[in-house]
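Protein sequence lines, in the order shown, are assigned to chains A and B.
Heads up: the first sequence is residues 1 to 320, going by my numbering.
Heads up: the second sequence is residues 1 to 376, going by my numbering.
Treat the hints as calculated values from the structure; they're not laboratory data.
Note that CB positions come from ideal geometry on N, CA and C, so glycine has one too.
There's no promise every hint is true.
Pair ranges (Cβ atoms, derived) [stated by the list, open to error]:
(1) B:Q190 <-> A:A201: 33 to 43 Å
(2) B:R49 <-> A:K258: 37 to 47 Å
(3) A:R304 <-> B:E335: 54 to 64 Å
(4) A:D52 <-> B:D238: 14 to 24 Å
(5) A:K101 <-> B:F370: 37 to 47 Å
Here are the simulated SDA-like cross-link-like pairs (lysine to any residue), alpha carbons at most 25 Å apart as the crow flies [what the hints assert, rightly or not]:
(6) B:K34 <-> A:H279
(7) B:K34 <-> A:G63
(8) B:K78 <-> A:R98
(9) B:K231 <-> A:A201
(10) A:K101 <-> B:L32
(11) A:K112 <-> B:E50
(12) B:K31 <-> A:G229
(13) A:K102 <-> B:T172
(14) B:K78 <-> A:A201
(15) A:K101 <-> B:D177
(16) B:K38 <-> A:D100
(17) A:K102 <-> B:T79
(18) A:K80 <-> B:S47
(19) B:K34 <-> A:K80
(20) B:K34 <-> A:N202
(21) B:K84 <-> A:D100
(22) B:K31 <-> A:S105
(23) A:K36 <-> B:K34
(24) A:K258 <-> B:E43
(25) A:K112 <-> B:G164
(26) A:K36 <-> B:K288
(27) A:K112 <-> B:V195
(28) A:K36 <-> B:K38
(29) B:K38 <-> A:N146
(30) B:K34 <-> B:S47
(31) B:K38 <-> A:C286
(32) A:K102 <-> B:E46
(33) A:K112 <-> B:R49
(34) B:K78 <-> A:I109
(35) A:K282 <-> B:K38
(36) B:K38 <-> A:H279
(37) A:K258 <-> B:K38
(38) B:K34 <-> A:D100
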Amino acid sequence: MSTNSIKIFAGNSHLELAQLVASKIGVDLSKVVVLKYSNQETSVTIGESVRDEDVFIIQSGCGEINDNLMELLIMINACKTASARRITAVIPCFPYARQDKKDKSRAPITAKLVANMLTVSGANHVITMDLHASQIQGFFNVPVDNLYCEPSMLKYIKTEIPDWKNAMIVSPDAGGAKRATSIADRLNLDFALIHKERKKANEVSRMVLVGDVNGKVAILVDDMADTCGTLITAAKTLKDKGAIKVYAIVAHGILSGKAIDVINEPYLERLVVTNTIPHEDKKRVCPKIDTIDVSPTLAEAIRRTHNGESVSFLFSHAPE
Amino acid sequence: MRNIVIFGGSSHPDLADQIASRLNVQLGRAKLSKFSNKETNVEIRESVREKDVYIIQSGCGHVNDNLMELLIMISACKTASAKKVTAVIPCFPYSRQPDAPYKKNGARYIRNSSILPTPVSEVKESLVAATERNEQQNFDVEQSNFSCGSSRNAGYKHWIARSGTLIANLLTCAGADHIMTMDLHDPQFQGFFDVPVDNLYSQPLMIKYIKNNISKYENAVIVSPDAGGAKRATAIADKLHMDFALIHKERRSQIQPHKTDLMLVGEVKDKVCILIDDIADTSLTITKAAKVLNANGAKKIYAIITHAILSGDAIKRIQESVIDQVIVSDSIPQEEHMSRCSKIRVFHVASIFAEAVRRIHNGESISALFGRTELL
Numbered sequence: 001m002s003t004n005s006i007k008i009f010a011g012n013s014h015l016e017l018a019q020l021v022a023s024k025i026g027v028d029l030s031k032v033v034v035l036k037y038s039n040q041e042t043s044v045t046i047g048e049s050v051r052d053e054d055v056f057i058i059q060s061g062c063g064e065i066n067d068n069l070m071e072l073l074i075m076i077n078a079c080k081t082a083s084a085r086r087i088t089a090v091i092p093c094f095p096y097a098r099q100d101k102k103d104k105s106r107a108p109i110t111a112k113l114v115a116n117m118l119t120v121s122g123a124n125h126v127i128t129m130d131l132h133a134s135q136i137q138g139f140f141n142v143p144v145d146n147l148y149c150e151p152s153m154l155k156y157i158k159t160e161i162p163d164w165k166n167a168m169i170v171s172p173d174a175g176g177a178k179r180a181t182s183i184a185d186r187l188n189l190d191f192a193l194i195h196k197e198r199k200k201a202n203e204v205s206r207m208v209l210v211g212d213v214n215g216k217v218a219i220l221v222d223d224m225a226d227t228c229g230t231l232i233t234a235a236k237t238l239k240d241k242g243a244i245k246v247y248a249i250v251a252h253g254i255l256s257g258k259a260i261d262v263i264n265e266p267y268l269e270r271l272v273v274t275n276t277i278p279h280e281d282k283k284r285v286c287p288k289i290d291t292i293d294v295s296p297t298l299a300e301a302i303r304r305t306h307n308g309e310s311v312s313f314l315f316s317h318a319p320e
Numbered sequence: 001m002r003n004i005v006i007f008g009g010s011s012h013p014d015l016a017d018q019i020a021s022r023l024n025v026q027l028g029r030a031k032l033s034k035f036s037n038k039e040t041n042v043e044i045r046e047s048v049r050e051k052d053v054y055i056i057q058s059g060c061g062h063v064n065d066n067l068m069e070l071l072i073m074i075s076a077c078k079t080a081s082a083k084k085v086t087a088v089i090p091c092f093p094y095s096r097q098p099d100a101p102y103k104k105n106g107a108r109y110i111r112n113s114s115i116l117p118t119p120v121s122e123v124k125e126s127l128v129a130a131t132e133r134n135e136q137q138n139f140d141v142e143q144s145n146f147s148c149g150s151s152r153n154a155g156y157k158h159w160i161a162r163s164g165t166l167i168a169n170l171l172t173c174a175g176a177d178h179i180m181t182m183d184l185h186d187p188q189f190q191g192f193f194d195v196p197v198d199n200l201y202s203q204p205l206m207i208k209y210i211k212n213n214i215s216k217y218e219n220a221v222i223v224s225p226d227a228g229g230a231k232r233a234t235a236i237a238d239k240l241h242m243d244f245a246l247i248h249k250e251r252r253s254q255i256q257p258h259k260t261d262l263m264l265v266g267e268v269k270d271k272v273c274i275l276i277d278d279i280a281d282t283s284l285t286i287t288k289a290a291k292v293l294n295a296n297g298a299k300k301i302y303a304i305i306t307h308a309i310l311s312g313d314a315i316k317r318i319q320e321s322v323i324d325q326v327i328v329s330d331s332i333p334q335e336e337h338m339s340r341c342s343k344i345r346v347f348h349v350a351s352i353f354a355e356a357v358r359r360i361h362n363g364e365s366i367s368a369l370f371g372r373t374e375l376l
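Next up, chain A with everything else stripped away, as it sits in the complex:
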């Protein structure tokens, strides 16, 4: 008999976050075993009935991205052929989100491919967080909830950054201006912008500061920190132009390659990331990293989706 309950499955990408989300909702993680066969093919075994249940699969696009993506697709497909009523893919960090347009000849729009793959495998609903470009929602034919970690970031700034009233919000590039001004308005702070000229992928060249940061605490706000090239060059520029301290708050801390060495340089005071991507091992070698827990937001979104309530509350409030 279907119990019409929330069933949460977790892939291997971020088990910790899934456990936090499940405990905030008050359910146990449902039983699933996701392993690899000896020839590297992924194997998924679902350990309980999902017939006519509301299934949520939590898998973030981080670590071994292709493996985790395949795991997610196979789990969704398994639940669909097992007659689940509705399958929601909860993807805190959406994979391949940066390949979302043809910026040069014959470039693949991989974000669209991923959207197609999720739909084809059987997802009825997608919940994600801070999409690199919110237009990616249009790549899907199924409903997409793009949650914001902005309320959590605001809470963090007010409680953890001393002297925040004398701070300035800075966007490290022109694309993030909208995101940064939104935060600046909510906190009633001034805003500045850094304009960068980029030569090739993951390599930044010249930075121009628009605005005055002399004598202020600067808070850099961005959606992703991958190799941190952008952040560090921005921090250097801000320090050169007279900022007292430079903080950086980022939604998705991918921190690949030489990111940790780069952060340990003296320009940045602290790097704050959310836990959409696991980074415990990085925190151990870099004490400057601090975490914002977004599991309450995800848990609340799941709960409201299941009960059919509005999710708008989460766009301006950070639940505990």
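Chain A is already provided as a structure; the job is to place chain B on it using the hints.
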């Protein structure tokens, strides 16, 4: 050949080179790499507008990475206005669909050291721990802790995901118009696709190898290592007018229904035996079969395999087994395997694929490839 572009994925660049040179075309320029965060990066460096594109990618090595690369390449060519995109997949991934977490011939799980084995749930620990205890035996899942002792799930048995349809759907949604593969484990797979699928056969090449390299082959015996492969083996035996034998897994007692014995059906005493199979993954099937043949008096044992995945301890197992020679196709790159095992020989499949691509591109029939070996 006009209006054709051939790209090779990173799974088997060698095969792509061979196919392109057989067709007398240059391989298309594409840069395949990974971003710093391990996302796949595909850059197509020549125009594919209004061309027929063939992308050669085998489902081997790091299967998920190669699959994503293939999908992204197909998608990139489609959005670059290619006229038709054909995916050439010599070894098709996820083609075996398991009924239980452990295949009867032992495609076991590995605790891959690069993946942190953090338990997905408490179930996984008991399951993986049980793996280590039950190395050689088939594992009875219902008796395991898997149903996790929770009485409310007493009637529920595990559900293993069968990814076959999913892979077919993914290839189609990425934009493939045509699929070409070889020796699909499950020929009904072609029905999962809405686009045409050409399932080529390596049988002509196997027959050619036997004729050219095994002396006095007329007196040898073709053996199928399991009942499922009987049809495949008898087809070869008939073509060569050879005798045939079969190895059968017989379940013995009621008390221990999962202890099976291998039984030989047919005569192999003092004969040269040739085992035929489509896939060798952990190579448990062929090494166990070889033991049985040896015990029954076989003089020499060959094994001819189409897709030699040879993962885990397979190479060691083959080296220590009673098989004299293992002949495999190069649908999967074999250099590394050959350097570790002296018993492996390779027959090349580039000729079949090149000829198939040529005929498909020119709109000719490929039925000729299913029988005659002179063209290869």
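How the hints compare with the structure:
The given range of 33 to 43 Å is respected by Q190 of chain B and A201 of chain A, whose C-beta atoms sit roughly 40 Å from each other. Between R49 of chain B and K258 of chain A the beta carbons are some 39 Å apart, a value that agrees with the proposed interval 37 to 47 Å. Look at R304 of chain A against E335 of chain B: about 55 Å separates their beta carbons, and that is inside 54 to 64 Å. Under the hint 14 to 24 Å, the C-beta atoms of D52 of chain A and D238 of chain B, about 51 Å apart, miss the expected range.
Separation of K101 of chain A from F370 of chain B is about 45 Å and conforms to the stated range, judged on CB atoms against 37 to 47 Å. At roughly 21 Å between alpha-carbon atoms, K34 of chain B and H279 of chain A fall within 25 Å of each other, so this suggested pair holds. A hinted pair counts as satisfied when its Cα atoms are at most 25 Å apart, and K34 of chain B with G63 of chain A qualifies at roughly 13 Å. In summary, the hint linking K78 of chain B to R98 of chain A is supported, as the alpha carbons are separated by about 19 Å, within the 25 Å threshold.
At roughly 53 Å between alpha-carbon atoms, K231 of chain B and A201 of chain A are farther apart than 25 Å, so this suggested pair is violated. This hinted pair checks out: K101 of chain A and L32 of chain B have alpha carbons roughly 18 Å apart, not beyond 25 Å. Between the alpha carbons of K112 of chain A and E50 of chain B the distance comes to roughly 22 Å, so the proposed pair stays at or under 25 Å and holds. For a cut-off of 25 Å, the pair hint linking K31 of chain B to G229 of chain A stands: about 23 Å separates their Cα positions.
About 21 Å separates the Cα atoms of K102 of chain A and T172 of chain B, which keeps this hinted pair within 25 Å; it holds. Using a Cα cut-off of 25 Å, the hinted pair K78 of chain B and A201 of chain A holds, with the two alpha carbons roughly 24 Å apart. For the hint linking K101 of chain A to D177 of chain B, the alpha-carbon distance of about 23 Å falls within 25 Å, and the restraint holds. Distance check on the hinted pair: K38 of chain B and D100 of chain A sit about 17 Å apart at the alpha-carbon level, within 25 Å; holds.
Proximity of K102 of chain A to T79 of chain B is assessed by CA-CA distance (about 9 Å); at most 25 Å being required, the pair is judged to hold. Between K80 of chain A and S47 of chain B the alpha-carbon distance is near 39 Å, which puts this suggested pair outside the 25 Å criterion. For the suggested pair K34 of chain B and K80 of chain A, the alpha carbons sit about 31 Å apart, so the restraint of at most 25 Å is broken. With a CA separation close to 12 Å, the supplied pair K34 of chain B and N202 of chain A stays within the 25 Å bound.
The hinted pair formed by K84 of chain B and D100 of chain A meets the criterion: a straight-line CA distance of about 23 Å does not exceed 25 Å. With a CA separation close to 13 Å, the supplied pair K31 of chain B and S105 of chain A stays within the 25 Å bound. This hinted pair checks out: K36 of chain A and K34 of chain B have alpha carbons roughly 22 Å apart, not beyond 25 Å. For the proposed pair K258 of chain A and E43 of chain B, the alpha carbon gap of about 24 Å is at most 25 Å, so the pair holds.
Between K112 of chain A and G164 of chain B the CA atoms are separated by roughly 22 Å; this keeps the pair inside 25 Å, and the hint holds. Distance check on the hinted pair: K36 of chain A and K288 of chain B sit about 24 Å apart at the alpha-carbon level, within 25 Å; holds. Of the supplied pair hints, the one linking K112 of chain A and V195 of chain B holds, its CA atoms being roughly 21 Å apart against a limit of 25 Å. The hinted pair formed by K36 of chain A and K38 of chain B meets the criterion: a straight-line CA distance of about 19 Å does not exceed 25 Å.
The straight-line distance between the Cα atoms of K38 of chain B and N146 of chain A is roughly 24 Å, inside the 25 Å bound, and the hint therefore holds. With a C-alpha separation of about 22 Å, the suggested pairing of K34 of chain B with S47 of chain B holds against the 25 Å cut-off. A distance of roughly 21 Å separates the Cα atoms of K38 of chain B and C286 of chain A; the hinted pair therefore holds under the 25 Å criterion. Restraint check for K102 of chain A and E46 of chain B: satisfied, since their Cα atoms lie roughly 15 Å apart, inside the 25 Å limit.
About 20 Å separates the Cα atoms of K112 of chain A and R49 of chain B, which keeps this hinted pair within 25 Å; it holds. A C-alpha spacing of about 10 Å is found between K78 of chain B and I109 of chain A, which places the hinted pair at or below 25 Å, so the restraint holds. Straight-line distance between C-alpha atoms of K282 of chain A and K38 of chain B comes to about 17 Å, which keeps the hinted pair within the 25 Å bound. Straight-line distance between C-alpha atoms of K38 of chain B and H279 of chain A comes to about 16 Å, which keeps the hinted pair within the 25 Å bound.
Taken as a hint, the K258 of chain A and K38 of chain B pair is honoured in the structure, with Cα atoms around 14 Å apart against an allowance of 25 Å. At roughly 17 Å between alpha-carbon atoms, K34 of chain B and D100 of chain A fall within 25 Å of each other, so this suggested pair holds.
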